[in-house]
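Protein chains: 2
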Amino acid sequence: MVDIDELQKKVCLAKEASRKLAYTTTAVKDAALLQIARRLRADNERILVANQLDYADAKASGMSDAMLDRLLLTSERIDGMAKDVETVAALPDPIGEMLDMHTLQNGLQIGKKRVSLGVIAAIYESRPNVTIDIASLCIKSGNAVILRGGKETLRSNQVLAEITQAALREAGVPAAAVQLIENTDRSVVSELLKMRDTIDLVIPRGGEGLIKFVRDNSLIPVVAGGIGVCHTFVDASANLEKAVHIVYNAKVQRPTVCNALDTVLVHKDIAQVFVPAMAQELNKAGVEFHCDGASLPILGKLGGLRLVPAVDADWGKEFLSLALAVKVVDSVDAALEHIACFGSGHTEAILTENYTNAQRFLNEVDAAAVMVNASTRFTDGSQFGLGAELGISTQKMHARGPLGLKEITSYKWIVYGNWQARS
Amino acid sequence: MVDIDELQKKVCLAKEASRKLAYTTTAVKDAALLQIARRLRADNERILVANQLDYADAKASGMSDAMLDRLLLTSERIDGMAKDVETVAALPDPIGEMLDMHTLQNGLQIGKKRVSLGVIAAIYESRPNVTIDIASLCIKSGNAVILRGGKETLRSNQVLAEITQAALREAGVPAAAVQLIENTDRSVVSELLKMRDTIDLVIPRGGEGLIKFVRDNSLIPVVAGGIGVCHTFVDASANLEKAVHIVYNAKVQRPTVCNALDTVLVHKDIAQVFVPAMAQELNKAGVEFHCDGASLPILGKLGGLRLVPAVDADWGKEFLSLALAVKVVDSVDAALEHIACFGSGHTEAILTENYTNAQRFLNEVDAAAVMVNASTRFTDGSQFGLGAELGISTQKMHARGPLGLKEITSYKWIVYGNWQARS
Numbered sequence: 000m001v002d003i004d005e006l007q008k009k010v011c012l013a014k015e016a017s018r019k020l021a022y023t024t025t026a027v028k029d030a031a032l033l034q035i036a037r038r039l040r041a042d043n044e045r046i047l048v049a050n051q052l053d054y055a056d057a058k059a060s061g062m063s064d065a066m067l068d069r070l071l072l073t074s075e076r077i078d079g080m081a082k083d084v085e086t087v088a089a090l091p092d093p094i095g096e097m098l099d100m101h102t103l104q105n106g107l108q109i110g111k112k113r114v115s116l117g118v119i120a121a122i123y124e125s126r127p128n129v130t131i132d133i134a135s136l137c138i139k140s141g142n143a144v145i146l147r148g149g150k151e152t153l154r155s156n157q158v159l160a161e162i163t164q165a166a167l168r169e170a171g172v173p174a175a176a177v178q179l180i181e182n183t184d185r186s187v188v189s190e191l192l193k194m195r196d197t198i199d200l201v202i203p204r205g206g207e208g209l210i211k212f213v214r215d216n217s218l219i220p221v222v223a224g225g226i227g228v229c230h231t232f233v234d235a236s237a238n239l240e241k242a243v244h245i246v247y248n249a250k251v252q253r254p255t256v257c258n259a260l261d262t263v264l265v266h267k268d269i270a271q272v273f274v275p276a277m278a279q280e281l282n283k284a285g286v287e288f289h290c291d292g293a294s295l296p297i298l299g300k301l302g303g304l305r306l307v308p309a310v311d312a313d314w315g316k317e318f319l320s321l322a323l324a325v326k327v328v329d330s331v332d333a334a335l336e337h338i339a340c341f342g343s344g345h346t347e348a349i350l351t352e353n354y355t356n357a358q359r360f361l362n363e364v365d366a367a368a369v370m371v372n373a374s375t376r377f378t379d380g381s382q383f384g385l386g387a388e389l390g391i392s393t394q395k396m397h398a399r400g401p402l403g404l405k406e407i408t409s410y411k412w413i414v415y416g417n418w419q420a421r422s
Numbered sequence: 000m001v002d003i004d005e006l007q008k009k010v011c012l013a014k015e016a017s018r019k020l021a022y023t024t025t026a027v028k029d030a031a032l033l034q035i036a037r038r039l040r041a042d043n044e045r046i047l048v049a050n051q052l053d054y055a056d057a058k059a060s061g062m063s064d065a066m067l068d069r070l071l072l073t074s075e076r077i078d079g080m081a082k083d084v085e086t087v088a089a090l091p092d093p094i095g096e097m098l099d100m101h102t103l104q105n106g107l108q109i110g111k112k113r114v115s116l117g118v119i120a121a122i123y124e125s126r127p128n129v130t131i132d133i134a135s136l137c138i139k140s141g142n143a144v145i146l147r148g149g150k151e152t153l154r155s156n157q158v159l160a161e162i163t164q165a166a167l168r169e170a171g172v173p174a175a176a177v178q179l180i181e182n183t184d185r186s187v188v189s190e191l192l193k194m195r196d197t198i199d200l201v202i203p204r205g206g207e208g209l210i211k212f213v214r215d216n217s218l219i220p221v222v223a224g225g226i227g228v229c230h231t232f233v234d235a236s237a238n239l240e241k242a243v244h245i246v247y248n249a250k251v252q253r254p255t256v257c258n259a260l261d262t263v264l265v266h267k268d269i270a271q272v273f274v275p276a277m278a279q280e281l282n283k284a285g286v287e288f289h290c291d292g293a294s295l296p297i298l299g300k301l302g303g304l305r306l307v308p309a310v311d312a313d314w315g316k317e318f319l320s321l322a323l324a325v326k327v328v329d330s331v332d333a334a335l336e337h338i339a340c341f342g343s344g345h346t347e348a349i350l351t352e353n354y355t356n357a358q359r360f361l362n363e364v365d366a367a368a369v370m371v372n373a374s375t376r377f378t379d380g381s382q383f384g385l386g387a388e389l390g391i392s393t394q395k396m397h398a399r400g401p402l403g404l405k406e407i408t409s410y411k412w413i414v415y416g417n418w419q420a421r422s
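Chains A and B, in that order, give the protein sequences.
For the first sequence, numbering that gives the first Met the number 0 assigns the number 0 to the initial residue and increments by one for each residue that follows.
For the second sequence, numbering that gives the first Met the number 0 assigns the number 0 to the initial residue and increments by one for each residue that follows.
By construction, these hints were calculated from the structure, which means they are not laboratory data.
Some hints could be false.
Because identical chains cannot be distinguished in the list, a pair is counted as satisfied if it fits within a single copy or across any two copies.
Listed below are the simulated DSS-like cross-link pairs for lysine-lysine, each with C-alpha atoms no more than 27 angstroms apart in a straight line [what the hints assert, rightly or not]:
id : residue 1 : residue 2
1  : Lys316    : Lys14
2  : Lys111    : Lys241
3  : Lys267    : Lys283
4  : Lys211    : Lys14
Produce the entire structure from the sequences given, and follow the hints as far as they go.
Spelled out as structure tokens, the structure:
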């Protein structure tokens, strides 16, 4: 059951707070963030107690070990969260930046001023550190935030939200700028997605089901992403030794995240040499190969590998595990075609020494990040120098790729007149 | 009845064409635009014949004179359309611009490259010149476009779309990049709004009903605007003579457009002097005043004015006519509060000599354009130097204010590596 009045009230309080937060000075916002960090460390015990209750319930409900590990907080992890908040405090404040200020022929001085969006609703799943991540990025960028985490971490999130609100109050920022929705029923999300007069942006973070639900039901603009079906095309001219190293890194270094490699496309001219070399290296990490008709016989000869004939569903699949689809292609055109067909618009890479193919790939692939001779794992807010990220957008509207502070802002046109009228 | 297969086919053709158009050179796109301009002039007669048929039907159906005038094309207007296309051809191409290219500590060279969005669906009403406006801006920015105009101008739009497609073919650009939807049933719009895999952006242009329908029903990102409830606050320190001039211009110069003034807020300290002076000047143009309780008695004494006591619905109303709501406020705070409550996020202005009030207004008002001592009529793509506009966005996501060429683009991250792997 959703108490819509109660929900509406929280969102309205956030909206009201967002108006103050929009022109709160950097010094005050940073002070609030440093207070959050301080309180996370000071209230360490309280957070651990709440998290243990969440953990015990989740374990009793039969949650997988991998998920349980995501849910678990430790003193070290809490300290890590505090450090992340301090990192956000140290980032430059995007708000107030003046862009393209110039004077028109009629003497009007105009430019764009970067402003906050207003109220951001974050709908996310299990990891409790996301609560602090999102809250700190929103505060720094002058946005109020509605936090709607998963039910598995409700008690952890309650304590974390209380700490955040206390820190805001202490710094003189309206505490209502951070609102935790404690009702974890999915119908609450449906109601939130209708509140377009008070919520300016919805950011879903989680699995494909959650993202699809939000996209299908939101009347509010959504910036979504996180689904990364990443390809790497190994061209005929690639340095094969280096290519094995890059493919290994992209697949193995952290297979459970969205920028990990899913499908390797190999030019036919080097397939007989590259595919076995790659497979032997990746096999050391226990990678399972889902092979197309051309690569399967090549690897079948080797023995000792985990081989599966690829099925249709393997192309365009985000594995999030030590599985890799392997396909031999005839040309760079065939690789481009495959990526256009099966990519999710996240990260695509070519490994090549051919200048023209590199340029074509950069120009023609339509994705948030397109790379030459680098691991897809680099698509990340910290790696790209944004300091932190709220997620990775795979859409083209508003912001694409890692969502840093600037990506959750808007702008307004500022016009300094001298009593001009239009003729 | 909607033939969904037929519709889907057109949209898919546009998507396919958009992939070519995305990296068509500026020279080729400009050649296509100049061909459109040439053909508009050469096919002048054919356009006029089609338009006369539309006009006759519209007249027979009882369309108002104002609407008939918007629908009507003449040789001069067609020449004006051709000139507008030439203007777009002469604008700098936004596509391919590299933003923030820099080298990371690990040697990766990264930056953002401006790219087209893909396929834009424009849903609009009556004026046939909009067909050419939108098509030319989309072509220049490398986007394919689905045109869905009103039924009143269908025959004019058919000829204009044919001319555009012929020009594209002649220049070697896929003609499928411009698709006219000839079925003018509203259910077609509903179907288009579901096609999020092929359409990247929907731009509704028209009345409030159309915009609301699109927003309520679209699964695709929408950039909407056009509803302008514009306020001008005349502060106690304003130069009253200049203020009358600005208010006159904002209200009278072109009352039927979105950046025309709707409500004037007058500081109480100057109301007894300013309100009559303003009213007498605006009365010359036939303005009708919708007065609050404080301004009504002031103007009632004068005689000869068109006065109406303001009703609740007058606050936040976009008049689009020679009507002006007048309200006396106690302070800059009261003015800010009124605007926060009733503004539509389009354009808001303060007339003042008080530096602090000017700065507060610029900081605190949340609108696409915020002005000091200038007419709200300046919020416009041409006036702001964007060269042309697709509309004016009153939302905060993606683009705000006038939508020029850059505002209908996205970007992708480009990464030039040197065989880096993530550690």
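Checking each numbered hint in turn, tell me which of them this model violates, lowest number first. none
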